[in-house]
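Chain order of the listed sequences is U and L. Under my numbering, think of the first position of the first sequence as 1, with each following residue one higher. Under my numbering, think of the first position of the second sequence as 419, with each following residue one higher.
There's no promise every hint is true.
[Unchecked claim] Per label pair, the in silico range of CB-to-CB distance:
{"no.": "1", "chain 1": "U", "residue 1": "Asp324", "chain 2": "L", "residue 2": "Tyr424", "range": "49 to 59 Å"}
{"no.": "2", "chain 1": "U", "residue 1": "Gly184", "chain 2": "L", "residue 2": "Glu620", "range": "34 to 44 Å"}
{"no.": "3", "chain 1": "U", "residue 1": "Thr175", "chain 2": "L", "residue 2": "Glu659", "range": "55 to 65 Å"}
[Said to hold, decoys possible] Quick list of in silico lysine to aspartate or glutamate cross-link-like pairs, EDC-like style, CA-CA up to 16 Å:
{"no.": "4", "chain 1": "U", "residue 1": "Lys333", "chain 2": "U", "residue 2": "Asp314"}
{"no.": "5", "chain 1": "L", "residue 1": "Lys469", "chain 2": "U", "residue 2": "Glu3"}
{"no.": "6", "chain 1": "U", "residue 1": "Lys29", "chain 2": "L", "residue 2": "Glu677"}
Quick caveat, the hints were computed from the structure, so don't treat them as lab data. Note that the Cβ used here is the ideal one computed from N, Cα and C, for glycine as well.
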Amino acid sequence: MSELLRFATAGSVDDGKSTLIGRLLYDSKSIFEDQLEAVERTSRQRGDQYTNLALLTDGLRAEREQGITIDVAYRYFATPRRKFIIADTPGHIQYTRNMVTGASTADLALILIDARKGIVEQSRRHAFLSSLLRVPHLVLCVNKMDLVDYDQETYESIRREFGAFAAKLDIHDLTFIPMSALNGDNVVNRSPNMAWYEGTSLLHHLEEVHIASDRNLIDPRFPVQYVIRPQMADGSDYRGYAGTVAGGSFRPGDEVMVLPSGFSSTITAIDTMDGPVAQAHSPMAVTIRLADEIDISRGDMICRPHNHPTVSQDVTAMICWLDDRSRLNAGAKYVIKQTTRTARALVRELHYRLDINTLHRHEDAADLALNEIGRVTLRTTTPLFFDDYRRNRSTGSFILIDEHTNATVAGGMILGAP
Amino acid sequence: MTSTDYSLSYLEALEAESIEIFREVAAEFEHPVLLFSGGKDSVVMVRVAQKAFWPAPIPFPVMHVDTGHNFPEVLEYRDARVAELGVELVVASVQEAIDRGRVREEHPLASRNRLQTVALLDAIEANGFDAVFGGARRDEEKARAKERVFSFRDEFGQWDPKNQRPELWRIYNGRIARGEHIRVFPLSNWTELDIWSYLAREQVPLPSIYFAHRRQVVRREGMLMGLGEFLPAQDGEEILEMSVRYRTVGDMTCTAAVESTAADYAQVIEEVSVSRITERGATRADDKFSEAAMEDRKKEGYF
C-alpha cells in the first residue's frame, strides 16, 4: 500500500532548489513533454543558456518576468513506493510567510545549501522555522558538490557546522546528503563520484523515511466538524458527529467525554459511506455515533475522560505574523480559528520578538510586523480545547483573522495555558 | 483494515482531506454550490461529497455552466446522475447570456469557453452563492499550482494571485464580505492518475466518451477534434474514423480526443501511467493561447 509523504523545500535563490525539484520530477517521469517544451521555449525566449527547469515551478506571470518565485507552489510525483506532495517555498527573506505555510503540513523539510558557500543566514532561518513548525524530519542537501570536486572535507565541515547549530534547536531527525542536482549525483541513485558517502540517495530516503509514528496516536481527539441528522426513510433517528480524527484512536465501545459539557457517553458506531470501521485514527474523516443523546455541536471535542486536552480561555503561543498591511500589538482583537472552533481573541501580552537569525529574544518589542515571530498570551471569548503544539500539530495550531479585512494575519503554535 | 493497522493509503488520505473540506464549507457557509459538468473531476467531487454527508443527502445544489456546445453523452449522464442523487440542478446558460446581450459571440461555432465566465458569475450573483466548489487540481496547470484550497474572489469574481490568504495546517479562512465568494477546490492535491485510480476503486460510472469508441474526427492544429453539430469539417480537412477517447470533457469545440483503445478503467489507467503529455496540453485548445492563458482567465473569474 503506497503512502503519502508531504515535504517542503526551502533554499536561497541560487542554490539549485528548482533544479533539484526539476530533476526529481524528471527522473520520476512526472514532467510531461508539453511542459518541457513550454519550458524550453521560454528558456530560449529569455536567452537562458540551458533549459531552465526553474521555469517549471514559476507559475505566475510576475514571477517569470522578475525571475523570482512569489508563492508556495505545489508539485506532485509518485514512485511505486510513495506519492509525494512538494510544497515548494521561495527562499527570500521576505517570504518567511510562505516557508511557514509550506512547513505547516509537511512531514519532512528539505533545505538546500550550496557547497561552495556553506551555511548562510537563510539556511539557519529555514532550519529554525522547520523546528518551530515541528516538521518531524529534516534533510540537509549539500548541493553543487561537483563544483567542489566532490570533496569530502568540504561536506564534513558543513555537516559539523550545521550539526552544532541544529543541536540548539528542537530537531529530532536530521539527515545530510551530499549531491549535485544538476548532474543527478545522489538524487535518485547513489553517485560513484562520492564513494566516501555511505548514506542513501535523496529519493531513497524520501521513499523510506518512517513517518507512520509522526502522528499522535496516543491522545484521542475528535473535534466535531459537522452534525449529520438526516430524515431517515424508515423514520428512525440518526445523529452522527462528523469530523477528522486529530489524535489517538477511537473504537466502538470506547467511553468518551465531550467538551465543553463534560458529559460522558460510549461510542456505538464509527460510520463511513463504505461501511462502519473498527477503529478511526488520524487523519481519517469519519462520523461517530454515541449511545446517549447529549447536546453536541460544531466546535465541541470528543476525547476520553482520563485523556483530554487543556480547556482554557488563556493561551500562550508562538506566532508568526503574516500580514503586510498591519502589525500585531498588545490590546488588539482578532478572530481565532483553532480545530473546528471559532472565537474572538484579545492579545493580552507580547512577551518578546524572536530574532530568527540569532535566536535572541527582544523583550522590548512593541509589535510584530510581517514575517516576524514572537511569543504572545491571548485571552479568548470562549474556552479553547488544545494541546501543546509539540504534542499535537492539529489541536495545537490556530490562525488569527483580522475582523475588518478578513485577512489571515497570523499562524500560532500553542505552548500551553499561561 | 485490521485493528492494529494505523496506516492509510495515499488515496484514502486524499479522500479524507477532501471530505474534511466539504464538511468545513457546509458548516461555515450559507449557500454553497458544487460545479458539476459530468466531467471526471466533477464526478469524483460528487462522490466525495456524498461520502462527506452520508447517510444524509448532499446538502447543497449542483450547477452546470452550460455552453450549449455539449457532448450529448455528457448531458445525458449529467441528468441521470442528478436524478439519482436527488440534488437540485442549477443551469447557468451561456446561450442565455448571449441572448440577453451579456456577452457577444464572435462566431456561432467559436469556442464558448471564455464566455462561460460571465454566465458563471451571473449565476453566482443571482443565486447568492457564497462558496463555489470546483474540481480544479494543482497538477493541471502552473497558475493552479499556486492557488489556495479556499480561493478568495472579490465582488467582481476576480482572483488576485499576489494577494492570496496564507493557508496553514488544515485551517481554512472562509470569511467574506457581502458580494464576495470563495472558490473551494477539494481535489487540489489530486493528480490525473489519482482521479482515475479513485474512479476505478469506487467503480463510479462515467460518461461513455471517456472510454474508447469509434468517432469521426479531423486533425486540426495537431489535435483530434470530434465532428458534430458545432464542429463541422472545414474545407480540405480529411475526415477520419478512429478509435478515440477523451481525457477531459469541456465545450465540444475546444476539447480534443486522443487515439485510444482503452475500454475500461484498468486500460485507461495503464494509458495515463505512461502518458508523456498533460491532459490539458494534449486536448485543450483553450489553454494553448499563451503561457499565461489560464492565469488570465482565472483572474477574470473563470473556474
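A quick look at each hint next to the structure:
no.: 1; hint: U:Asp324 / L:Tyr424: 49 to 59 Å; in the structure: 41 Å, violated
no.: 2; hint: U:Gly184 / L:Glu620: 34 to 44 Å; in the structure: 38 Å, holds
no.: 3; hint: U:Thr175 / L:Glu659: 55 to 65 Å; in the structure: 57 Å, holds
no.: 4; hint: U:Lys333 / U:Asp314; in the structure: 14 Å, holds
no.: 5; hint: L:Lys469 / U:Glu3; in the structure: 21 Å, violated
no.: 6; hint: U:Lys29 / L:Glu677; in the structure: 21 Å, violated
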